[in-house]
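**Student:** Can you make the complete structure from the sequences, with help from the hints?
Protein chains in written order, with the UniProt record's numbering: chain A, 1 to 324; chain B, 1 to 324; chain C, 1 to 324; chain D, 1 to 324.
Among the clues, some could well be false.
[Claimed, not checked] Reference excerpt, derived from the structure (chain D facing chain C, CB under 7 Å, subset only):
| id | residue |
| --- | --- |
| 1 | Thr124 |
| 2 | Ser128 |
| 3 | Met239 |
[Unchecked claim] Cross-link-like lysine to any residue pairs, in silico, SDA-like; alpha carbons within 25 Å at most:
| id | chain 1 | residue 1 | chain 2 | residue 2 |
| --- | --- | --- | --- | --- |
| 4 | B | Lys65 | B | Asn7 |
| 5 | A | Lys318 | B | Gly281 |
| 6 | D | Lys162 | A | Gln189 |
| 7 | A | Lys185 | D | Lys27 |
| 8 | C | Lys84 | D | Pro150 |
| 9 | C | Lys314 | C | Asn77 |
| 10 | B | Lys311 | A | Lys185 |
| 11 | B | Lys27 | C | Leu297 |
| 12 | A | Lys27 | D | Gly133 |
| 13 | A | Lys52 | A | Asn72 |
| 14 | D | Lys301 | C | Asp59 |
| 15 | C | Lys320 | D | Gly308 |
| 16 | A | Lys27 | D | Tyr127 |
| 17 | A | Lys141 | A | Leu85 |
| 18 | D | Lys84 | D | Ala296 |
| 19 | A | Lys320 | B | Asn7 |
| 20 | C | Lys314 | D | Lys315 |
| 21 | D | Lys27 | A | Phe129 |
| 22 | D | Lys162 | D | Asn138 |
| 23 | D | Lys65 | D | Gly76 |
| 24 | B | Lys311 | B | Glu109 |
| 25 | B | Lys190 | C | Phe129 |
| 26 | A | Lys315 | B | Ile322 |
| 27 | C | Lys266 | D | Lys68 |
| 28 | C | Lys27 | B | Asn7 |
| 29 | A | Lys320 | B | Lys318 |
| 30 | C | Lys68 | D | Gly308 |
| 31 | B | Lys301 | C | Thr38 |
| 32 | A | Lys65 | B | Glu268 |
| 33 | B | Lys266 | A | Ser298 |
No lab work stands behind these hints: they were computed from the structure. C-beta atoms are modelled at their ideal positions from N, C-alpha and C, and glycine is treated no differently.
There are 4 protein chains.
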Amino acid sequence: MIIIPNNEANEPFVNDALMDSSMSFRKISLYGRSLFITNFSSTENIEYIPIKDAMVISDGLYSRKVKKDSTNVTVGNVKIGSGKLVIAAGPCAVESEEQLMEIGERVKEMGADMLRGGAFKPRTTPYSFQGLGVKGINMMKKVSDYTGLPTVSEIMDLSYYKHFDGNIDMIQVGSRNSQNFALLKFLGQKGMPVLLKNGMGNTISEWLNSAEYILSGGNGNVVMCYRGVRSFEDSTRFMMDSGAIPVLRERSHLPVCADPSHPAGKREYVETLAMAAVASGTDMLEIEVHNNPDEALSDAKQQLDFMGFSKLIKKVRKLKEIVG
Amino acid sequence: MIIIPNNEANEPFVNDALMDSSMSFRKISLYGRSLFITNFSSTENIEYIPIKDAMVISDGLYSRKVKKDSTNVTVGNVKIGSGKLVIAAGPCAVESEEQLMEIGERVKEMGADMLRGGAFKPRTTPYSFQGLGVKGINMMKKVSDYTGLPTVSEIMDLSYYKHFDGNIDMIQVGSRNSQNFALLKFLGQKGMPVLLKNGMGNTISEWLNSAEYILSGGNGNVVMCYRGVRSFEDSTRFMMDSGAIPVLRERSHLPVCADPSHPAGKREYVETLAMAAVASGTDMLEIEVHNNPDEALSDAKQQLDFMGFSKLIKKVRKLKEIVG
Amino acid sequence: MIIIPNNEANEPFVNDALMDSSMSFRKISLYGRSLFITNFSSTENIEYIPIKDAMVISDGLYSRKVKKDSTNVTVGNVKIGSGKLVIAAGPCAVESEEQLMEIGERVKEMGADMLRGGAFKPRTTPYSFQGLGVKGINMMKKVSDYTGLPTVSEIMDLSYYKHFDGNIDMIQVGSRNSQNFALLKFLGQKGMPVLLKNGMGNTISEWLNSAEYILSGGNGNVVMCYRGVRSFEDSTRFMMDSGAIPVLRERSHLPVCADPSHPAGKREYVETLAMAAVASGTDMLEIEVHNNPDEALSDAKQQLDFMGFSKLIKKVRKLKEIVG
Amino acid sequence: MIIIPNNEANEPFVNDALMDSSMSFRKISLYGRSLFITNFSSTENIEYIPIKDAMVISDGLYSRKVKKDSTNVTVGNVKIGSGKLVIAAGPCAVESEEQLMEIGERVKEMGADMLRGGAFKPRTTPYSFQGLGVKGINMMKKVSDYTGLPTVSEIMDLSYYKHFDGNIDMIQVGSRNSQNFALLKFLGQKGMPVLLKNGMGNTISEWLNSAEYILSGGNGNVVMCYRGVRSFEDSTRFMMDSGAIPVLRERSHLPVCADPSHPAGKREYVETLAMAAVASGTDMLEIEVHNNPDEALSDAKQQLDFMGFSKLIKKVRKLKEIVG
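**Tutor:** This is the structure:
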């Protein structure tokens, strides 16, 4: 249950009323407002809450019932959710400083807003390339400083956070950790923006509840990144539901990103999936781009080359103008 | 195995060669060419086919290996697949002549190209409205004659065909009959255009093989209509995979339609799903539109009203100009 | 809405009351009782039904609310649902009289109760063996007469019914026709027992509603045959949910069959799937058995040989004694 | 690539040969043997490995190609995989010492072999009961000391390990962390037995690769616990595929556990799912049992009461005797 004082002046009264009640509660500050969270979930007993100066909401902090207007998340000099399509591009995995510098410079020239790159890689088998780790993070920092592009990179365990802090601008939580609640709670304690992917076997409700783990810690800088779900179809890698974005829009104020690279599984389909995502209203795209995709150490089949990315970015920018 | 003579002049030689071989074969005429079909599927034994004047193809008639250029399907005065977005609109079920006439006139005014309407309705339970049957077909004919819009309506059993013949311009095979092979074979013997939906639990490969049942009878007038598939997500009715259209495009020359109404399940999402489908390259849209959706006898929640359709058609037409 | 007179004597009064009301209804005879069916589905308006001598049930005829005790379905000399495990065995497809006779005699010796065999085969592609058709039906009849085993065979269209009538003891509706409502309604008009498989993309509710199409015509001889559903798992052909049987048991009085051959997709797994189905309470098993599986014209990988079937039948019979 | 010296005496020669080659490798000790692991995955280049005294295997350590005989995992005085059905029972969440002591004593009396109980709970929303944490672990230790039952409890992050070490006998990795590779790698460095659940959206191959993360660190004490997967069926909570156990058996030497409580979602189905799992060959069952299920702080609907568990354990023990 979320309890929102009608105005800041009422906050102490609400606090007192909750103190007087028998219920345990927690106060957080989110999007510039003070909110009270109780673990009291039953709506039947709302009347027992001795509060007249507040709204009582039984939906999540992610919900438009709590915050009507769409949220912007700021990452460096980039604002996600403000109307302009934000495009993060870069390699699946950071492989070397030269590689990353070349990719960073080229995607910037072509109009990318952010640099993506994996330093810690969650690979299905332990024998696949696991990423450069801390070295990769340092390369991201260097290329970011040089190009001016803010960065996004995936975290795999909360103990890695110290490497990200101050070096990476936005932390990505991948599909496999989308219900790693220990990690999500930890990130809720930090202010750093989070790009939260959906679990490949999760519903939208479960995904929004994963976001709630971050928001309820007081960190409202969450962007929901849709990367498709598991299905029986075997001609693509994951199924990318065009219904996901309108459902998210309706149920949540959080900005939305789409990752067309993973569901495509094959570079020939990436542009079409990106177009569909923009047409259905995404605020951001995250695209895998590699200087030499066929030789990539991971996801070789789905990464775009520079020519493919250049073509894609022109088309999606033009489309965004139309769909607004 | 499909055997295609290199040119018409060679056809008798190919025929003779196949006669001389021990293999059983069948000759059909498709897209203006003569083709030979054998039930011989193993590619290992191609060398035993005594043919030098033909191509031997172990993929389906739906494949771009058999026909490289995209196919157009003509329905009345409408050409599906020719570059212009074709929009079929109308009620889920025909409910009365007045209702259908009003809808037909209004969607025509707004720019629809075809009229859709169900006379025989495959409803999950036997106690739901089952459609007006033959009467509904006759109303479709009347409204078509009046408005000039060609019609599409669903068939549920091959024995109903006599009612469609001469009255309806395009036969729809619904999701629940997408692997009703007796029906598909029957339609393969007729020339009437078929709008073939995917089975809700079928892969794209299975769906293309359903089309093959029609094509291999000599009827090449098949449009593939994607209506989403089953998934674990419960916030929409079916999952609409944005990967489906690019996969179909790559693997088949047949034109593609998208039905955003059924996967949406809720009218608020229909426009967004339609936009995504157009952005990913659909040739046609089939949209449920009702004069009074809340009172509709079926699919009440997902049918658009006239205002909703008017808004949708403007947006998708504008989008089509951009995506080409 | 199902309206069941409290006793036979009250039936005319209930009939009169319904006549007096404005509602349309239909009387059927099912399981030796007279029932009235209305298309009136809203439970809110029950009070408007002017009936005091009847139960008004808003669930299906398949439901235990309509019939509390489990139903037995009699096929020839076999009773399905009576406590004894009924086993139907035989080839995926009838290939020749010799083949079928050999299989029929052998599976009978080993203890099978019924003979299964496909004459009309719903194959994913039109170029796969489509079955022997009417000839296959006649072979089934001949082997049944010789061995005394009642038969079950799949129908693909209602127009084929004439070939089954008098020749086959139980009609199978396959997964691909599980929502072919024209066929189901037709079979509801006949008394012949039906083995109704679930659609590969259907929920249990949808499947029970497919049974309702048959029951509501007055044919109560329906056995629900679970054959697995579509999923993302690729190491078997379909996913066989052990929850399906207890859910069916709870929600319906109809007897339950399990088909372990199709979900297994591979003969090595068939016995284990059969054991699981018996342990979860199935009344019947349908097993594909072939005299020479590796050379079978269809489903070669999943058919058991005689040795495999002999081993399976001993194990499942022994298990059935324990689970009761 | 796994390289296994033909006998211990050859191990130094294999080591030298690998040193001479340009390839990076790692030596581990697993199941009493020395193995070499290279990140070299292509089987094409096996000839370049200068080894004649070893087997080169391109499958995982989980595979029967690496270890033919089934593995036993010892947890306290219990041996999992040795033929006797091991049953772990206890509450979803530890709620108090009294509750846990009562449950521990009662399930022991009824024949349970191990005590399960969650101290750290991965709940879909942050407002649900999150478990007693370290206190819950201490209660598990106390009840285990008193009853003599070894314990299994879920870990949610590698930083919690210190609380488990010495207090809990077997660490459970839940569905939501089944691809938390940082955690899996960490557990591979420890010797403690791991009960590894499948991710709700993962294939069996992916799950086995998760086990590989643990095995490749040198910890061979992994039990695979199947808890069902996501599907479109809504009458149970997860779909429990009876094919999963035979597939695991065929592909891996690791022992198998089944969790019927989570897929059932409803206590009425738990026994049937447990029976199916035993009939399909599980080595172990993990069952949620509560002293007062309707008042449970989590998973109230699916936990068994003592009477239900008493009935279940008798039936599955009897069944196990038959199926062997």
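**Student:** Could you check the structure against the hints above and give me the numbers of any it violates, in ascending order?
**Tutor:** 1, 2, 7, 8, 10, 13, 18, 19, 23, 28, 33
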